[in-house]
Amino acid sequence: MLRQRALWFVWAAVLVASIAGLVVLDRASTARGTVTSADGQRRFGFSMREVAREVGVSFVHQGPTFDQRLNHIMPQVASMGAAVAVADFNKDGWPDFYVSNSGEGSLNRLYRNRGDGTFEDVAAAAGVADVNRAGTGVSMGAVWGDYDNDGYEDLFLYKYGRPELFHNDQGRGFTPVGERAGLPKWVNANSAIWLDYDRDGRLDLFIAGYWPDEVDLWHLKTTRIMPESFEYANNGGRKYLLHNRGDGTFEDVTEAMGIRSKRWTLATGAADLFGTGYPDLFLANDYGISELYRNDGGKRFVEVGRETGVARTPKSGMNAAFGDIFNDGRLSIYKTNISEPGVLVQANDLWVPTRGAGGATTFDDLASSVGVDLGGWSWGAQFGDLNNDGTVDLYLVNGYVSAGERTSYWYDFSQIAVGHSAIIGDAQNWPAMNGRSLSGYQRKHVWVNDGRGRFVDVAQAVGVTDVYDGRSVALADLSNRGVLDVLVANQRGPLLVYRNTVQSGRHWLDIELEGRSSNRSAIGARVEVAWSGRVQAQEVSGGTGFSAQNQRRLHYGLGSADVVERVAIRWPSGKTQTIDRPAVDRLLKVTEPE
Amino acid sequence: MSTIAAARPRALSFDSRFLGPILITCILVGAHLSFGILEGYTRIGAAIVTALVAESVMGRLTFGRWPHLASAYITGISVGILTRSPFLWPYVLISLISIATKYVLRLKGRHLWNPSNFGVSVALFLAPSSIALLSIQWGNVIWAMVVIWILGSVIVWRVGRLHISAAYVASFFALSWVRSVVTGLPVLATVAPITGPMYQLFIFFMVTDPKTTVSSKRGQILVVFLVAVAEMILRLNDVIYAPLYALFLVGPVALLAEMLWD
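Chains Z and V, in that order, give the protein sequences.
Taken in order, the first sequence gives residues 9 to 602; the numbers are from our numbering.
Taken in order, the second sequence gives residues 428 to 689; the numbers are from our numbering.
For the record, the hints were derived by calculation from the structure and aren't laboratory data.
Some hints could be false.
Claimed, not checked - Quick list of in silico lysine to any residue cross-link-like pairs, SDA-like style, CA-CA up to 25 Å: (1) Z/Lys229 <-> Z/Gln76; (2) V/Lys535 <-> Z/Gln12; (3) V/Lys638 <-> Z/Val22; (4) V/Lys535 <-> Z/Val22; (5) V/Lys638 <-> Z/Arg13; (6) Z/Lys597 <-> Z/Arg210.
Can you make the complete structure from the sequences, with help from the hints?
Below you can see the structure in the form of structure tokens.
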């Protein structure tokens, strides 16, 4: 009896200790790797200050208004469209950026960099402002790419509606050429990227539909338009892989190349993930698993998501970004999802490549291990060395619908989300939002890579304190100072310009490529910079993150090192080039050798 | 969820305590192979191993004999299926808590809470930033749901507990209509949760647990109706994990009442 009683106390102690452990570890996991004290610059070597109005950027995004039968859930279904894409459209050496608007009749902006730290909107004069006219849909984003290799970045605009391609007339203005180019008539897309999938020296275009093409959100034929499942939906929009014929027209090769997805894609990225020299495609899908299309020599794409591990679990994918987080030449994929304390903990994914059985490339999710998993209702994220310490950091925005403060739609959302397709698929069954928030007013995350496999969130410490509903993030050195500034497009909110100030004594190298036999934008080029025993790989991108595009040039922080041993370039054409000991703290311009 | 595991063998020719483990394993394997509901085997493995080890140690030391592990297996696998977390530690701790309750929170030789109901509820309440509940469908095809409902119904019928599941389902539908009237929500929205897998586990494995339900058939039906009523009240207050919390609150009270009555 005494033994029984003693044992009871032992088991009771185990129970109490386990419950206490839950509480302690829960608090530790949320506070893990977070620094809030305002000494970010001293501790982490940089600080951010929001300067949009100071530099002449006063843009507030407007959301669309769809068919009135969606009124009760309008904040959800009209929750995207804020986007930003960077390019030096007039080749004056200063990065400019294009901002999309989504209200019917609203105007998009093209901010020209004056070179003195300020910007002016030249969209109307350039012919790329009035693009949201009734009957043509509204903008969801844009990507820059020199599709005709004339040396000027052209602009592809994707919408819930009729996509448009704007030819850049030598930096003086733009001419719409979509109809002549043979673009699809209507795509409800939230993502598009430029890539040269067959390495023929001409940029091709990938457009990812979200809603099915036949859905006109302003004139619904039925309310059965919603995803058929919260995590297994296959009734989204089709994809378009458009091959550039080289004569200003494109041909649809989607099916022929093996892409048949009808998932609800929110973000797409292209990078050489299997070391073949050809760009592979990663699709971050809402309401389902991701897809990874391996490029087999430019001849076809093969979906290998499941066998490589990235499609193991269905989540709510919203971002596709690539970064060499360990400085070992491997590009990891960062995909954002939803995490809401007490409701849904999907956690974001960081897919790090590894060698599986037989030497095949597979991916392990290390987001939790390195501390970049819990980001709220996460949207756009970008890798970049924000403090020039020689490792890439991660900037993440979040927040879905910020409406009534201290109100939440989560309960109703959670009810419908588990419903069978017959229920969830019909918008009429969705409970009304009635002005309530859904993961609103969330704090952003700026995760600094400590170089030892851990990321520390320093957002509050370095001055990133906004709580808007962030969507799109783009990194660019707006003043050619050798630091990455940050542009953030917020849904129904202001465009933010975070000016970055990096501690002195940290070196850097920027690299700008121009293709010859490769596409002129050099999209798909891989550059490895070696210094002080480190090798960091980056690829020139034709669009990355969520509805975003970083500056075209590549930025490498070097820490205290003032010598770079080698820059190794693999051009999209397959040519390789090595530059030994380039000067640092400057922009290195490289043209592809003939 | 030790429902069927502890039921007395009846007409079946093998130990019916294995029925529960077999069903829940089939559900898990089928759901994972078809729809990939798990993010890997490590976490659910940790939950199962923890439950088995804890049950073995506590049972052996407490009662001087090796316990039958079917119940612990169901507890571990249920924790692994129901819990969603990017971390490993919740799976270990919730399993440990679930098993420990059987040896700590007991009266007159009976434990008061369904083990996994206790463990998961406590975890959801105390560690909301790291832990959520399985809140998704298993695929979007009707056959998966139909198969699970049929299999589950047959097995609870074989162990004489179909009336409990049926009473709960009937109560849920009736009270969903009440909620729809009260809140103005579409009735399909209020009914929607029962089409999800969390409810399938709840209905077939939790509310039917013989160790934590009252003895009489009428009593069982009354208790499960009260669980549904408590759930409705919680749902009207926007409590997302209402069914788990309702069982957490009503189950032990009913058992205590029965013990006092006896």
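The hints, checked one at a time:
As the CA atoms of Z/Lys229 and Z/Gln76 are separated by approximately 12 Å, the hinted pair is consistent with the 25 Å bound. A hinted pair counts as satisfied when its Cα atoms are at most 25 Å apart, and V/Lys535 with Z/Gln12 qualifies at roughly 14 Å. A distance of roughly 22 Å separates the Cα atoms of V/Lys638 and Z/Val22; the hinted pair therefore holds under the 25 Å criterion. Among the hinted pairs, V/Lys535 with Z/Val22 is consistent with the structure: their alpha-carbon atoms are about 21 Å apart, no more than 25 Å.
Distance restraint check for V/Lys638 and Z/Arg13: the Cα-Cα separation of roughly 22 Å lies within the 25 Å cut-off, and the hinted pair is therefore satisfied. With a CA separation close to 21 Å, the supplied pair Z/Lys597 and Z/Arg210 stays within the 25 Å bound.
Comparing the model with each numbered hint stated earlier shows that all of them hold.
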